[in-house]
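Each protein sequence line maps, in turn, to chains C and G.
The opening residue of the first sequence carries number 152 in this note's numbering; numbering runs sequentially from there.
The opening residue of the second sequence carries number 8 in this note's numbering; numbering runs sequentially from there.
Because the hints were derived from the structure by calculation, they are not lab data.
Only pairs whose alpha carbons sit at most 25 Å apart, straight line, appear in this in silico DMTMM-like list of lysine to aspartate or glutamate:
#, chain 1, residue 1, chain 2, residue 2
1, C, LYS213, C, GLU191
2, C, LYS202, G, ASP102
3, C, LYS195, C, ASP237
4, G, LYS75, C, GLU192
5, G, LYS114, C, GLU191
6, C, LYS195, G, ASP102
7, C, LYS213, G, GLU10
8, C, LYS195, G, GLU10
9, C, LYS195, G, GLU12
10, C, LYS213, G, ASP102
11, G, LYS114, G, GLU24
To be clear about the criterion: a stretch of chain G counts as covered by chain C if any three or more of its residues have a C-beta under 8 Å from a C-beta of chain C, and this derived list gives those stretches:
#, stretch
12, 50 to 64
13, 104 to 114
Derived DEER-like restraints, expressed as beta-carbon distance ranges:
#, chain 1, residue 1, chain 2, residue 2, range
14, C, LYS195, G, VAL51, 18 to 26 Å
15, G, LYS61, C, GLN168, 40 to 48 Å
16, G, ASN29, C, SER209, 26 to 34 Å
17, C, SER181, G, VAL34, 23 to 31 Å
18, C, GLU169, G, ALA83, 45 to 53 Å
19, G, SER14, C, SER209, 25 to 33 Å
20, G, ILE67, C, GLN168, 45 to 53 Å
21, G, HIS80, C, GLU223, 42 to 50 Å
22, C, ARG265, G, SER58, 35 to 43 Å
Just so it is clear, CB atoms sit at the ideal spot from N, CA and C, and this is done for glycine as well.
Residue strings, one per chain:
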Amino acid sequence: NAGVMQNPRHLVRRRGQEARLRCSPMKGHSHVYWYRQLPEEGLKFMVYLQKENIIDESGMPKERFSAEFPKEGPSILRIQQVVRGDSAAYFCASSPKLTWGGVGTEAFFGQGTRLTVV
Amino acid sequence: KNEVEQSPQNLTAQEGEFITINCSYSVGISALHWLQQHPGGGIVSLFMLSSGKKKHGRLIATINIQEKHSSLHITASHPRDSAVYICAVKSWNNDMRFGAGTRLTVKP
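Based on the sequences and whatever the hints tell you, model everything.
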């Protein structure tokens, strides 16, 4: 059973380009969470999705960022017109249960995608 | 002030030393996680706690709900334990909040 797979591991984009980050959850997991980790800072929640639904996007910047988790295929985090401040590590976690973190739940993290905007 | 504070931020130890990393939080929680992040790598969940103490190999995690404090201990530390250790709490409003992490370096 493969773990959470994120690709690419490293992504370099010029300012103004689009970045697409992919996350394939563990088999059997239908809940996906995206987190951003800025240099020297902790993980920050961005968005929580179930298949075909955005459940909580309270951590997403209002502009340029979007996320989806289609019925088939990986979850995609899309950043349009990237700026230098978007440079960060983006982690995806998946869980078999609703809103991981409570007693009896666990989430599994991917290796992350390190986005560098030049 | 962050809702989840970890100390120390950085920790260097000699191989074999006993290590303690602390986490204090200011919100009501239903569970607390300790996560491990290796250099250039992903994040691994080490423990999930809602009370008391858990042990896995050389790792021990404790939590004091009344004092809103948790500790992660590593006995007989080894260079392969070098990583960033992250404390995360599940608050009662279902948010996950993360500490900034403690960077541990264990020297041979």
